[in-house]
Amino acid sequence: MIVRIAVVLVAALVLAGSAAAACPTPHTSLSKLEGEIMCPTCHTTLDQSDAAAAQRIKHHIQVLIAQCRTEKQIKADLVANFGAGILAAPPHKGFDLLAWWLPLGGVIAGAIAVAFGVWRWSRSRGPDEEPPGSGLDEETEQRLDELLARLD
Amino acid sequence: MRTLKLTGQVVALAAVAGLLGLLVWRLTHQSKPPKIGGPAPGFSLKRVDSSGTLALASLRGKPVVLNFWASWCEPCKGEAKMLEQAWQRYKSKGVVFVGVDYHDVTGDARRFLERHDITYPTVQDGSGMTADRYGVSAVPETYFIDRRGRLVGEHIKGTVANQQNAFFRGVTAALGS
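Chains as they are written, first to last, in this note's numbering: chain A, 2 to 153; chain B, 1194 to 1370.
Take these hints with a grain of salt, some might be off.
Claimed, not checked - Taking lysine to aspartate or glutamate and the DMTMM-like style, the derived pairs with C-alpha atoms no more than 20 Å apart in a straight line are:
id, chain 1, residue 1, chain 2, residue 2
1, A, LYS59, A, GLU35
2, B, LYS1239, A, ASP78
3, A, LYS59, B, ASP1301
4, A, LYS73, A, ASP51
5, A, LYS73, A, ASP97
6, B, LYS1225, B, ASP1325
7, A, LYS59, B, ASP1325
8, A, LYS94, A, GLU72
9, A, LYS94, A, ASP78
Since the hints were derived computationally from the structure, they do not count as laboratory data.
Let the hints inform the model, and build the full structure from the sequences given.
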């Protein structure tokens, strides 16, 4: 058993060494990609999952990084294996663009609606608007003025 | 001004109706697990063991044992040998075993097939959409489909190695009807 473990460890070290030699300056890192890739069985990003599938995908990403693949190439590989759902954020193309622009459009439309409402409200309370009448006839008003004048 | 207000109201109503429509569509299109006796959900998936695709419809007229597995799944390793032995035993009777590799890397899946000497056709369900349609919650899971494309026997959750009686009853049910 100990011999087997030793053989596996040596093999892992040899592989890791050869991988590092194959790509001395990797284009990306696992820690960066972990937050951008989903675990397909637990529906969280890889950095939040220890599920077996997540562990396997992390290992696969490490292998691709060691092969000097770029972030774009790695994501394309994962999409080919698991479908577009493996990406935490939808791609910036085609129908998926809607996921980016629709919320922004909603915020802009909401802001316009609020601005329009405020503009209308401020206009309805403008200075040129005539004050409402007292509702008294002219004679009563005259009497009231006289009464107030006497009080002064 | 009145027209503008009316337009705004119509747009707001249309937006609310649209969102409501989306909600209704989502609720009515949620995948429900198939029932035993009902039709097996169809699929056409890329093969892992060779090139091309395999459609379930192309196997109509043959009993099918459908096994969902993944290379990262420990119990799947434990049942691989028994499944291959069962395939060798039943293929002469016309039974087709189909492995469905679930949420897996193609290279890992191929290595798994080689390591466990799996010779029956295996397809890849990387996105898990087919598994979702069958109601698979975890691998391994096994289904039995009769010649008419209906699900029969018992739906086995977990390794078949621990549920051999249910497995052979399933194969018999698929063969029998």
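A quick look at each hint next to the structure:
| no. | hint | in the structure |
| --- | --- | --- |
| 1 | A:LYS59 <-> A:GLU35 | holds (8 Å) |
| 2 | B:LYS1239 <-> A:ASP78 | holds (16 Å) |
| 3 | A:LYS59 <-> B:ASP1301 | holds (13 Å) |
| 4 | A:LYS73 <-> A:ASP51 | violated (24 Å) |
| 5 | A:LYS73 <-> A:ASP97 | holds (17 Å) |
| 6 | B:LYS1225 <-> B:ASP1325 | holds (9 Å) |
| 7 | A:LYS59 <-> B:ASP1325 | violated (23 Å) |
| 8 | A:LYS94 <-> A:GLU72 | holds (17 Å) |
| 9 | A:LYS94 <-> A:ASP78 | holds (17 Å) |
Violation of the numbered hints given earlier is confined to hints 4, 7; the remaining hints are satisfied by the structure.
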